[in-house]
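Read off the chains here:
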Amino acid sequence: MMWGRFLDTFFNARVMAQYLPKILEGLLVTLQLAACIVVTGILAGLCLALIRSFRIRPVNFCIVLAVDVLRALPPLVLIILFYFALPGVGVRLSGFVSTWLALGMVLTAFAEEIFWAGILAVPGGQWEASRSTGLTFIQTLAHVVLPQAVRLTIPPLTNRTIAITKGTELGAVVAVGEILYQAQTGLSFSYNPSPLTLGAIAYVLLFVPIVYFGRWVESRFAWRR
Amino acid sequence: MNGFPAPPILEVQGLRKTFGHLEVLKGIDLQVHPREMVFVIGPSGSGKSTLLRCCNRLEEPTAGHVRVEGVDICDPQVDINAVRRRIGMVFQAFNLYPHLTALGNVSLALRKALGKSRPEAEEIARHALVQVGLADKAKAYPAQLSGGQQQRVGIARALALEPAVMLFDEPTSALDPELVGSVLAVMRQMRESGMTMVVVSHEMRFARSAADRVVFMDHGQILEEGPPDKLFGQPDHPRVREFLVSLEAH
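Going line by line, the protein sequences match chains Z and R. Numbering of the first sequence is given in my numbering, commencing with residue 1 and proceeding in unit increments. Numbering of the second sequence is given in my numbering, commencing with residue 1 and proceeding in unit increments.
Calculated directly from the structure, the hints in this document are not laboratory data. These numbers were taken from a predicted model, which means no experiment stands behind them. Built from N, CA and C at the ideal position, the CB exists for glycine as well. Careful, some of the hints might be misleading.
Claimed, not checked - Facing chain Z, according to a computed beta carbon distance under 10 Å, are these residues of chain R, among others: (1) 92; (2) 110; (3) 164.
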């Protein structure tokens, strides 16, 4: 009796069949959003860390300030700011772009810190050896320091990237048609939580491979010791 | 010297270096001539390593001149990267690139600093590895090599650029005693082939048998210099005698 009710509530086949297309649609949007965030966040973070390595004092002050503020702000605050507050000054961003921008900036901040820590972790002797053979600062950064720094950054960067791409669910607040939004909409129309179950499955299907991909990248990039 | 003496390859003049309030080098004058092997000895903290590191501007000299093949390396007009290609440096801690093979370590600067193609760079690199007795280790990563082998890759990396002078900063201090010999053998062979070398080292026996000239430094100054037999046999300066006696006590 209880079991039947449980199944009917959370695994209602009729409701699931009805909302599966919507959830898949949401999965696609989540995927697109995550891809945009990961690519822009990691590239921008790497660029900032590279700029920081030139150690130009006023520039680095600005980078550190921006990064610290972005790391402190809850991403949802940024999303709401972009979506609801910017129109007040005449800038209208879609929910998708607001979420992309907000999470992309947060990932940029974290990625910058991780890349910078990786660059600092490469021993000074590596710089000296490379410069002593006549390689320039930039060549040393590109061929000696970065390959080592990137290997060090893979584990923390993978974790942070997964954590932030999971934040795509926050897009539901500003009507981005991603998984959670579709699941919630399904819930309110069907009076049945089965679409949420589907949504949860979709998240697991999406992120478990990413977790394994991260693990594979870690082992792939660990050089022989 | 009469007639046309060979100009020094490395010429240090009135070199001073201060770190904050600490004066590490207090006016060093030193000339190193082609094919010479000069040993710099002295107690730790005497400024030996700083002297070497000022010679390729890994440390910025505070005052004075360093000329390499007649070029003042502190001249703001000078292309320091071009100068550094003419000065090989070998480090105490090897400082090999852990993400590259021995061949990759040796060929990187050939490709990126000298602009050689990969096949050409690797051919030169292989030849350099042969010279240090590691022809069979080209594909090995630093972590797969012993300390002595790593240091010889470090020497090959500097040697491959065909520098005018090579600086050795305590090249055997980080090595297990039984691995020191292989590195010293390579250095001796380089000397025989005419490489100009400045060596900071505590290998006194090697200095005595291989060096053309020994320089004794203490507290940022050169106290005495001369041929090894003279400096080790009958040093003039009491501080040098004291130092040599303290070494024998161990």
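Worksheet entry | Index of numbered hints that the structure contradicts, given in increasing order | 3
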